[in-house]
Amino acid sequence: MNKLKDTKFIIIAIIFSLLIILPFVPLIITGISLNNRWPLIFPSQFSIRAIKYVFYENTNTYKAIINTLIIGISVIIIDLTLAIPAAMALERYEFKGKTIMKMLLFAPIIVPPYAAIMGMYTIFIKLGLTESILGVILAHILPSLPYMIKAMMVSFNTLDTNLEDQASILGATGAKRFYYIIIPHLLPSIFAGASLTFLISASQYFLTLLVGGGEVATLAIIMIPFINGGDKAIGSVYSLIFSIVALINILTLDFILKVYYRKKYFKIL
Amino acid sequence: MPKLELINIEKTFQGNNKLNHKDAFILSDINLKIEDGEFISLLGPSGCGKTTLLKLMTGLIKPDKGKILEDDKDITNITVEKRNYAMVAQQPLLFPNMNLLDNICFGLKMKKINKLKRIAEAMDMIYKLKLNGLEKRHPSQLSGGQCQRGAIARALVVKPKVLFMDEAFNALDEELRLEMANLIRDYHKNNNLTTILVTHDKNEANYLSDRIINMRNSSL
Chain A
1 MNKLKDTKFI
11 IIAIIFSLLI
21 ILPFVPLIIT
31 GISLNNRWPL
41 IFPSQFSIRA
51 IKYVFYENTN
61 TYKAIINTLI
71 IGISVIIIDL
81 TLAIPAAMAL
91 ERYEFKGKTI
101 MKMLLFAPII
111 VPPYAAIMGM
121 YTIFIKLGLT
131 ESILGVILAH
141 ILPSLPYMIK
151 AMMVSFNTLD
161 TNLEDQASIL
171 GATGAKRFYY
181 IIIPHLLPSI
191 FAGASLTFLI
201 SASQYFLTLL
211 VGGGEVATLA
221 IIMIPFINGG
231 DKAIGSVYSL
241 IFSIVALINI
251 LTLDFILKVY
261 YRKKYFKIL
Chain B
1 MPKLELINIE
11 KTFQGNNKLN
21 HKDAFILSDI
31 NLKIEDGEFI
41 SLLGPSGCGK
51 TTLLKLMTGL
61 IKPDKGKILE
71 DDKDITNITV
81 EKRNYAMVAQ
91 QPLLFPNMNL
101 LDNICFGLKM
111 KKINKLKRIA
121 EAMDMIYKLK
131 LNGLEKRHPS
141 QLSGGQCQRG
151 AIARALVVKP
161 KVLFMDEAFN
171 ALDEELRLEM
181 ANLIRDYHKN
191 NNLTTILVTH
201 DKNEANYLSD
211 RIINMRNSSL
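As they're listed, the protein sequences go chains A and B. Numbering of the first sequence is given in this note's numbering, commencing with residue 1 and proceeding in unit increments. Numbering of the second sequence is given in this note's numbering, commencing with residue 1 and proceeding in unit increments.
Just so you know, the hints here were simulated from the structure itself, not pulled from any lab data. Owing to the predicted nature of the structure, the values given are computational and were not obtained by experimental measurement. From the three backbone atoms N, C-alpha and C, an ideal C-beta is built for every residue, glycine too. Treat the hints with care, as some may be off.
[Stated by the list, open to error] Take a look, some chain A residues computed to stay more than 12 Å from chain B by CB distance:
(1) I15
(2) R37
(3) I181
(4) H185
[Said to hold, decoys possible] Straight-line distance between alpha carbons at most 20 Å, and here's what the computed DMTMM-like set of lysine to aspartate or glutamate pairs gives:
(5) B:K62 x A:E94
(6) B:K111 x A:D165
(7) B:K82 x B:D71
(8) B:K55 x A:D165
(9) B:K161 x B:E5
(10) B:K82 x A:D165
(11) B:K62 x B:E38
(12) B:K111 x B:E81
(13) B:K55 x A:E164
(14) B:K62 x A:E164
(15) A:K176 x B:E81
Bound conformation, chain A alone (with noise of 0.2 Å):
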């Protein structure tokens, strides 16, 4: 019996782990072939021509790969801050206009944020902010903020807010309350927040192009226009980078979940 269970685990696993891989396989053979075409699958002649000008001929390569991770930490820490309380406000208080406030906050879903941006744009003008990386973290801002306050709305939900209660008969502060016991409680959903954010801010082409003004060098700001037809084997190398970078966020997101849960965060001694 258990070893039909096994049985079973290990080809539901190999049939995802394919479902996972199986997308790279075309990028990685676009990346390293000369002039390759459709209908074939196969290039008939491979080249390292596009892996060679991602790395060494074009500077703006390593200069995005740094803002893409400026920017999508700049984003998490931003939407975390403004999202906590708002999930916080929303599950636990009721207050005149909560229904208008959340759909406000969570009209970005519906609306496309080329929409609010196109407002925006003119005061971001005024403020100096195009052309900068603030201007684009604070236009990412947009799209993914209602996801980060969904995320944590589902933690305030489950929270028992006697705990807190208990906490605050023994002493606790506000301050003491929120890191001893919401920020555990929370952690789960902050974790995978900040990994959409982070992918929702790093996807943004038309945002960056248009408050970045093109002077802003993300991933997929250089990454789009080979995919769009420039040239598909360094549009795969580009694309093959930007995963990775996606992977690496995730993972070290989810290394810092564990490390948290293991150490001394939680420890009263």
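With the hints as your guide, set chain B onto chain A.
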């Protein structure tokens, strides 16, 4: 230990339907004097406002009207974390992210007691409540009875001025219930600890308390 006094306490909770006042829950005209070191039980059916009254006394909720005095000093507006009280609820409410020892040390840490003293006092309480050997376990790895004993240890270790218990023995089996009741009674006697127990069990109230206060329809 202090004496507590509730003077003309009033608290209203609005029901879901704001236009229908029948939905509202009202505690009104509550006057109660609890002597220094007294063990009192608040007895009454479910929904009569016992827990609300307990929360008003602890400072977890503020009254709409009236005053709460501790040794004749008005503490109505003093925040709960500054009062040095402790509470054991029906559910143990141990913090799930901390092990048993960290849970018991929590109140001492909040009072900025140094590490060595914290461990010594917590271990002493762990031995008294026969929880030794379980210090490193998380609440999910403890039985219901062990969790409740952990909650009692966490409350007593801070040497509270007043101990509040909200149906604290309800989740325990008969044998453990008696054992815990005896432990609380002895601790109360030995330390002259002002103790307030909310229960709907007459026998428990008779066994433990110096005085029983009946609560009916949101009044004493």
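TODO: Any hints from earlier that this structure breaks? Give me their numbers in increasing order, please.
DONE: Hints 3, 4 and 11 contradicted; others consistent.
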